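Protein chains: 2
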Amino acid sequence: MRLSQFHLATVKEVPADAEIASHQLMIRAGMIRKLASGLYTWSPLGLRVLRKVEAVVREEMNRAGAIEMLMPSVQPRELWEETGRWEKFGGQLLKIKDRKEQEFCYGPTHEEVVTDFARNELKSYKQLPINFYQIQTKFRDEIRPRFGVMRAREFLMKDAYSFHLTQESLGETYDAMYQAYTRIFTRLGLKFRAVQADTGAIGGNASHEFQVLADSGEDVLAFSDGSEYAANLEKAEAVAPALSRPAPSAALQRVDTPRVRTVEDVTKHFGITADHVLKTLLVRGKDGLVALCLRGDHEINEVKAGKLAELPGESVLASDEEILAAVGVRPGFIGPVGLPGNIPVIVDRSAAVLADFVCGGNANDTHYTGANWERDARITRVEDLRQVVAGDPSPDGHGTLRIARGIEVGHVFQLGSKYAEALNATVLDDQGKKQVMLMGCYGIGVSRIAAAAIEQCHDDAGIIWPEPMAPWRVAVCVINPKNAPDVHAAAESLYDELSARGIETVWDDRGLRPGAMFADMELIGIPHRVVVSERGLAAGTLEYRARTASESSAITRDELFEILAG
Amino acid sequence: MRLSQFHLATVKEVPADAEIASHQLMIRAGMIRKLASGLYTWSPLGLRVLRKVEAVVREEMNRAGAIEMLMPSVQPRELWEETGRWEKFGGQLLKIKDRKEQEFCYGPTHEEVVTDFARNELKSYKQLPINFYQIQTKFRDEIRPRFGVMRAREFLMKDAYSFHLTQESLGETYDAMYQAYTRIFTRLGLKFRAVQADTGAIGGNASHEFQVLADSGEDVLAFSDGSEYAANLEKAEAVAPALSRPAPSAALQRVDTPRVRTVEDVTKHFGITADHVLKTLLVRGKDGLVALCLRGDHEINEVKAGKLAELPGESVLASDEEILAAVGVRPGFIGPVGLPGNIPVIVDRSAAVLADFVCGGNANDTHYTGANWERDARITRVEDLRQVVAGDPSPDGHGTLRIARGIEVGHVFQLGSKYAEALNATVLDDQGKKQVMLMGCYGIGVSRIAAAAIEQCHDDAGIIWPEPMAPWRVAVCVINPKNAPDVHAAAESLYDELSARGIETVWDDRGLRPGAMFADMELIGIPHRVVVSERGLAAGTLEYRARTASESSAITRDELFEILAG
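Going line by line, the protein sequences match chains A and B.
Heads up, the first sequence is in our numbering, so the first residue is 1 and it goes up one at a time.
Heads up, the second sequence is in our numbering, so the first residue is 1 and it goes up one at a time.
Calculated from the structure, these hints are not laboratory results.
Honestly, I wouldn't trust all of these hints.
Stated by the list, open to error - BS3-like, lysine-lysine: derived pairs with alpha carbons at most 25 Å apart:
| no. | chain 1 | residue 1 | chain 2 | residue 2 |
| --- | --- | --- | --- | --- |
| 1 | B | K100 | A | K434 |
| 2 | A | K34 | A | K95 |
| 3 | B | K88 | A | K95 |
| 4 | A | K307 | A | K126 |
| 5 | A | K88 | B | K95 |
| 6 | A | K418 | A | K433 |
| 7 | A | K126 | A | K433 |
| 8 | B | K286 | B | K268 |
| 9 | B | K12 | A | K126 |
| 10 | B | K418 | A | K97 |
| 11 | A | K95 | B | K100 |
| 12 | A | K97 | B | K307 |
| 13 | B | K88 | B | K434 |
| 14 | A | K100 | B | K97 |
| 15 | A | K286 | A | K88 |
| 16 | B | K286 | A | K95 |
| 17 | B | K34 | A | K100 |
| 18 | A | K307 | A | K95 |
| 19 | B | K123 | A | K12 |
| 20 | A | K100 | B | K88 |
| 21 | B | K286 | B | K88 |
| 22 | B | K286 | A | K100 |
| 23 | B | K434 | B | K418 |
| 24 | B | K34 | A | K95 |
| 25 | A | K12 | B | K434 |
| 26 | B | K123 | A | K34 |
| 27 | A | K34 | A | K12 |
| 28 | B | K307 | B | K286 |
| 29 | A | K434 | A | K123 |
| 30 | A | K88 | B | K88 |
| 31 | B | K12 | A | K123 |
| 32 | B | K307 | A | K123 |
As the list claims (entries may be wrong) - Which stretches of chain B does chain A cover? Using the computed rule of at least three CB atoms under 8 Å from a CB of chain A, they are:
| no. | stretch |
| --- | --- |
| 33 | 12-24 |
| 34 | 39-52 |
| 35 | 62-71 |
| 36 | 248-256 |
All values derive from a computational prediction rather than experimental measurement.
C-beta atoms are modelled at their ideal positions from N, C-alpha and C, and glycine is treated no differently.
Start from the sequences and build out the full structure, keeping to the hints where you can.
Here it is as structure tokens:
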């Protein structure tokens, strides 16, 4: 592409709402332009990147045997009523009334539509397994759209849905999708982790998120330094400590502790570390309050807590009033010693091996020291309640956990029979008997990947694209071509030869000054830059610089082709 | 593609709402499935065709120098208010309220959004001309969606918008787009005509529709048998007759004609042909009624009439009451003789050369015979008021007009300054002065093309695809492979070789009976079919049949490759 025949519009100013690097750089590079809150136009430059991502996704989906189709973006309310999601999906569902007052939504996902398609198209187990996918525009009416295309309302997604007669078959396709996703993100040149994810309200047997690692990521993940284990923080298991609980060695003492409310206050007051403090949270259970006990240096994992049998599916802290009514004390001074007998005491695995700990005194402005389980306080049950922390042993027994931040770009999920059951999507099995199908679903945020790649790799000068996502692999820059026709001719011949070799090249023939030209090429992240100049021509060399390098080097044309072949 | 690994689902029954051949065949072939009124899922088979059309459109747009981008489908009300189209666009505009009660529409077209993009991105005449395009999903809330994807609500469109400083530049890009469209429809293997179209309310200087010729088309076009002239019927000029008006030879006579109301009644009553009858329509003018006079065998062209200075921009027939009040007579008996003097009499060119004609008597149940212009009836002005008919001379002076039906699949339009002015989209010219840009817009109905191709070419057995649009070029069918492993192996080897040569091939390895297999391949319109059978293997031949042929022939493998290379 000759840049004079393209529309490149880099800008210096970044709008105040661009908080993260990828949003700022996509605006500065002119990849996207905001139309309205959460709605972005992809400029010609941005679209080149988007299409590269799309092409890799499509190739690998096809290679994995998935079959591409295209469903409407506008979906009728009736289908969403069948699964109950018309109401349950919440505010993200953009509802629409047409001119005849019929209700529709702008599809945020396509489980309903594809299952409706499948129940009409699939009649026999012989047609299974089958895996349909599409690459299509979706809309989620985010309450607070932000971070540019990272959390836009309208976005491009690849969504696949597989149908099965047996769990074994679902497992096979799930594995195939897992492998395809691994190939996709590897081919795109991203550093990523596939992490075990919580299956949430849908249930189902397995779920992995594919997370691009980036410090600015919204998700937190834990991964082992000694194995392939990785999980979303919500899901990562905090294994039971190897050591068992020591015997009590101190006597229980009630101590006056006015104004000592937080764990930090306690550590200061008693001159101890937080791992000797027990904190007790009172949450709303199905029948009255429930006490959750953790070590002072640990945090509650609300997803794990929400799954406790005593809780109604979510973990919600009791209010001060509820606590006062049940225990007669302010929140800062709760503890398991002497807690009313109708309150179950669920203790985290790490907290359960504490001895001689400090905890709330169940009376205002008091704490206990030298408290011990069994002797002083009952345990209803020991459970995994906490977030893992760096240094925890990996749940698979190999290595130690590390914590990283990530951006979710893909998700594979075994849905099981949830949607097929709701929509009565059945096939006849080999006995001629109707069977509800099992389903998997597999999403990739195509437009988000572009932003995630930038979050993962950029510098002060701009974007650093992995080669497979770059708008062009090579930029040919020309110094002062107007006054040096031979330089212009040399640049043109180089451009032609690169193009003829199938190497996507942009020739900056706009006639800008070198500084402005180089700044643009760095900002938009072209992996390889070559400069054609009079001096170089005389010496028979080109000035080459990789986007990741800090210095240029003089190389011959043949050396350039070698670099690009490598 | 091995068909056993694809999802082909042909059906026998066609829903009652499928009125036209393409709709019926797309359902029968399993290309599309209805989700709701005007909303269709493209099955894997259908999508293959859609993507082929899309690819040709993209290649030719790029070749013509247009630059691809991608705009949101959801557009804010504010922009549409700036052009006044939020109200004016009418019921086809699907309006949406988001969770914050902000108003949007699902874009039926993108003039507003692209002009907003351009006013922010384009600052200098040096950036012009520029031509942006996208291939993107649109929504028009048709009051009566029908004909499948031909008039769907959600559809895939290529829309391009060009920006210019001068009319000359606009004309150049317009011509380039005209040529690109010609290449696109030629490459797709369609019989089409580029016809002059009315520029309607937008005004502007030029507009052509690209019409795929098909008897079932909704549009009527006129084209010359002696030149390239072609126009939408609305737009086609009826040139003035070469002969001038003969002198009167008969005397004016008023005749009682009870129950003789229509032109047909008149011809029967008087034993004359309709081209000797003058019919007079009274329409609502800006100041009272206006009379429009045509030959009895001609039809009014309402677009032409609507442009008369006396009319308010559209041509609406006066009611019986208005006519009674103004002329004192029932509609069937109006004529120009003795019409009240305040009613202008606009006469069609062909009607103006009549002599001794029959017309209404301006009194109930009477007609005049022997009527003549000037002598008996005044002419305010002669105009082109009528639809052309087959046999009319071509307006360009070359050949005779023919009438055909067509399906509009493309439209190029010189918008002029309408949108740029409304949105204040300006650039600085070479004098540093702000200039409102001129615009062109260029649309192609990508999804409609698939249906139009079927309307143009199909038979009782099914679709006959032009090769460039076919889901696959070749179908390899195998007879009884389970009992003949060598036949299976031969089919596989043929399939492999075709694929290796880059010839898109589908191998029907589903194990169906020959009849069912052949019927499917004919229904889905594969251009070339080869059958591998035990008998053929023994003879060293394949059974070949082109989709357009009525008989098969035995050919060698090499002969097959020759056919496919041709």
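Hints versus structure:
1. K100/B to K434/A: violated (45 Å)
2. K34/A to K95/A: holds (22 Å)
3. K88/B to K95/A: holds (23 Å)
4. K307/A to K126/A: violated (38 Å)
5. K88/A to K95/B: holds (23 Å)
6. K418/A to K433/A: holds (19 Å)
7. K126/A to K433/A: holds (13 Å)
8. K286/B to K268/B: violated (36 Å)
9. K12/B to K126/A: Holds - the C-alpha atoms of K126/A and K12/B are around 20 Å apart, at most 25 Å.
10. K418/B to K97/A: Roughly 30 Å separates the two Cα atoms, so the pair is violated.
11. K95/A to K100/B: Since the Cα atoms of K95/A and K100/B sit roughly 12 Å apart, the hinted pair holds (cutoff 25 Å).
12. K97/A to K307/B: Between K97/A and K307/B the Cα gap is close to 37 Å, so the pair fails against 25 Å, i.e. violated.
13. K88/B to K434/B: violated (29 Å)
14. K100/A to K97/B: holds (16 Å)
15. K286/A to K88/A: The hint holds at about 22 Å.
16. K286/B to K95/A: Measuring from Cα to Cα gives roughly 44 Å; hence the hint is violated.
17. K34/B to K100/A: holds (18 Å)
18. K307/A to K95/A: The hint is violated at about 32 Å.
19. K123/B to K12/A: Since the Cα atoms of K123/B and K12/A sit roughly 15 Å apart, the hinted pair holds (cutoff 25 Å).
20. K100/A to K88/B: At roughly 19 Å apart (the allowed maximum being 25 Å), K88/B and K100/A satisfy the hint.
21. K286/B to K88/B: holds (22 Å)
22. K286/B to K100/A: violated (35 Å)
23. K434/B to K418/B: holds (16 Å)
24. K34/B to K95/A: holds (20 Å)
25. K12/A to K434/B: holds (23 Å)
26. K123/B to K34/A: holds (18 Å)
27. K34/A to K12/A: Between K34/A and K12/A the Cα gap is close to 16 Å, so the pair holds against 25 Å.
28. K307/B to K286/B: The hint holds at about 12 Å.
29. K434/A to K123/A: Roughly 9 Å separates the two Cα atoms, so the pair holds.
30. K88/A to K88/B: Not OK: K88/A and K88/B at ~36 Å, beyond 25 Å, violated.
31. K12/B to K123/A: Since the Cα atoms of K12/B and K123/A sit roughly 15 Å apart, the hinted pair holds (cutoff 25 Å).
32. K307/B to K123/A: Measuring from Cα to Cα gives roughly 58 Å; hence the hint is violated.
33. 12-24: violated (count 0)
34. 39-52: Coverage by chain A holds here, the residue count being 9 at a Cβ distance below 8 Å.
35. 62-71: holds (count 6)
36. 248-256: Check failed, 0 qualifying residues.
Against the hints set out earlier in the document, violations occur for numbers 1, 4, 8, 10, 12, 13, 16, 18, 22, 30, 32, 33 and 36.
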